[in-house]
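Participant: Single-letter residue listing:
Protein chains: 2
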Amino acid sequence: VASNVLAELFTSMAHMQRALEAERDIAEEIRQYIRAQEEKLKNLERIASEIDQHSAKALENPEYYLANPVDAYLFVKYFTLDWDRDIDPVLKNNTGNLDDLGKKIELHRQDLPTYEDLTGTVNALLRLQDTYKLDTTSIARGDLGGSSSSQLSAEECFEIGRQSYKNEDFYHTVMWMQEALDRNFIETNQTISRSLILDYLTFSTYKQGNILHALVLTKELLLLEPDHSRAQSNKRYYEKLLAEEEQVNRHGDDG
Amino acid sequence: VASNVLAELFTSMAHMQRALEAERDIAEEIRQYIRAQEEKLKNLERIASEIDQHSAKALENPEYYLANPVDAYLFVKYFTLDWDRDIDPVLKNNTGNLDDLGKKIELHRQDLPTYEDLTGTVNALLRLQDTYKLDTTSIARGDLGGSSSSQLSAEECFEIGRQSYKNEDFYHTVMWMQEALDRNFIETNQTISRSLILDYLTFSTYKQGNILHALVLTKELLLLEPDHSRAQSNKRYYEKLLAEEEQVNRHGDDG
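Chains W and G are the protein sequences, given in the same order. Read left to right, the first sequence gives residues 1 to 255 (my numbering). Read left to right, the second sequence gives residues 1 to 255 (my numbering).
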């Protein structure tokens, strides 16, 4: 075979080595991509299983969820707050931007309970509480004064409180935020941050007129979050209010 | 528990059933998506394996590919024609539009042989053939007159012919398209369509001046593809040329 022809080709041995290495690198890129996609699929499978489990459990006994306002609340909470916090991000982070899975799911979501329904279930629960003068702790413990329901976590109590807060119903906010705080204290796996509960409880307590207790709570909040600027300014405000109250009381004694 | 509260909730039993069915449908949508993605990953894994195998084989003995012009041609053909036909579409169809896998691979492809290299290897092969007056069939059979090389399929012969065709080298086009045709005849798993070979062979034969044989080949092409309009018009053209030639010959005899 002509050596002059080969000489031409042989000068590209280095070129060939580079080509073979590039080829191997390409195979590796594809494999890395596959592994990354497999991770995403694992996340989606996990979510699909969780949804399946919830669905199977509910389908076993759907009347259970309507049998009492606590479980009705939990049922609706799952499809609104929990879904947006836990399920939606996993779907978004593990599917492609142009995939139509998101659109398909949105279509089905039209049949799911809404945030309006959530407000409705919380209001129904609070009406029940008021009608029967049910103790908050008892409700949270699953005791509806004659029938039983699921127990509530700190976060689930918090959301009832937050709903009340949105309705400017500080009376119920205080009750449910306090319950959330108590449950948070004993929870091994924290379902909600204590400072977040304190933030709502403090303001609602103030709105209910109990400045001293609002100050105590604010101080507790600042122990947890010393740089919380709104809490810092609230502390000064409550202290000022209390000082003024003190002044008024002292003048009253003088009279 | 207050029945008036429950009555409100109970009217939504139908609503709840619909919600539970939507939930189950959502889990199913996610699972279908996962299955579709897994199919794509299987395709990518297959491609990655094929590239790996090719790479490993070449890395075992890289000099082999430069040792003779036939294998040099096959090496470069793999990274150009074969890659664009077999590998690129699988990558495109099985990855997302916004994935950067395509970009990463493109970067590596800069180190791979190019279509210019392909032209170079074919020209080197044809120069060898001419220099040593090597028979086309022997070359295709792996016999380079003293040394051996890989054998060539019909498609691999076709591409040598097509490269010659692009260079307007109809002399070599005829030789290699004929070889492709012969190999196509005996191939159990067809690597190239016979009518495509005939298309090139017919035109090159005509350009080499053999009108009668071009007509014979055109008729064979029309047997395979009766609606091939260019072949239909070529047939009429060749018949006209042959008739004119006949006329000229007859007048010559008269003289």
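Simulated from the structure, these hints should not be mistaken for lab results. Just to be clear, a hint being listed does not mean it is correct.
Just so you know, same-sequence chains aren't split out, so a pair can sit in one copy or run between any two.
As the list claims (entries may be wrong) - DSBU-like, lysine-lysine: derived pairs with alpha carbons at most 30 Å apart: (1) Lys92 / Lys240; (2) Lys57 / Lys235; (3) Lys103 / Lys42; (4) Lys92 / Lys104; (5) Lys219 / Lys42; (6) Lys104 / Lys42; (7) Lys40 / Lys92; (8) Lys235 / Lys42; (9) Lys133 / Lys207; (10) Lys207 / Lys104; (11) Lys240 / Lys40; (12) Lys57 / Lys42; (13) Lys57 / Lys240; (14) Lys235 / Lys40; (15) Lys235 / Lys133; (16) Lys42 / Lys133; (17) Lys92 / Lys207; (18) Lys235 / Lys219; (19) Lys57 / Lys219; (20) Lys133 / Lys166; (21) Lys42 / Lys166; (22) Lys133 / Lys240; (23) Lys103 / Lys92; (24) Lys92 / Lys42.
Participant: At most 30 Å between C-alpha atoms: does Lys133 with Lys166 qualify within a copy, between copies, both, or neither?
Facilitator: This pair counts as within: shortest intra-copy Cα distance 22 Å, inter-copy 93 Å.
Participant: At most 30 Å between alpha carbons: which applies to Lys104 and Lys42, within, between, both or neither?
Facilitator: For Lys104 and Lys42, both the intra-copy (20 Å) and inter-copy (24 Å) Cα distances are at most 30 Å.
Participant: Tell me, please, which holds for Lys103 and Lys92 at an alpha-carbon limit of 30 Å: within, between, both or neither?
Facilitator: both (11 Å within a copy, 23 Å between copies)
Participant: Should Lys235 paired with Lys219 be assigned to within, between, both, or neither, using CA atoms and 30 Å as the limit?
Facilitator: within (7 Å within a copy, 99 Å between copies)
Participant: When no copy is specified for Lys42 and Lys133, does a C-alpha distance of 30 Å or less occur within a copy, between copies, both, or neither?
Facilitator: neither (47 Å within a copy, 62 Å between copies)
Participant: Between copies, within a copy, both or neither: which fits Lys57 and Lys240 at Cα up to 30 Å?
Facilitator: neither (54 Å within a copy, 83 Å between copies)
Participant: Have a look at Lys42 and Lys166 and pick one of within, between, both or neither, based on CA distance no larger than 30 Å.
Facilitator: neither (37 Å within a copy, 50 Å between copies)
Participant: Using 30 Å as the alpha carbon limit, work out where Lys240 and Lys40 are close: within a copy, between copies, both or neither.
Facilitator: neither (54 Å within a copy, 67 Å between copies)
Participant: Is the C-alpha distance from Lys57 to Lys219 at most 30 Å within one copy, between copies, in both cases, or in neither?
Facilitator: neither (43 Å within a copy, 72 Å between copies)
Participant: From the Cα coordinates, with 30 Å as the cut-off, is the pair Lys92 and Lys104 best called within, between, both, or neither?
Facilitator: both (13 Å within a copy, 24 Å between copies)
Participant: Using 30 Å as the alpha-carbon threshold, which applies to Lys40 and Lys92: within, between, both, or neither?
Facilitator: both (10 Å within a copy, 19 Å between copies)
Participant: For the identical chains here, do Lys235 and Lys133 meet the 30 Å Cα criterion within one copy, between copies, both, or neither?
Facilitator: neither (33 Å within a copy, 101 Å between copies)
Of the numbered hints given earlier, the model fails hints 1, 2, 5, 8, 10, 11, 13, 14, 15, 16, 17, 19, 21 and 22; all others are met.
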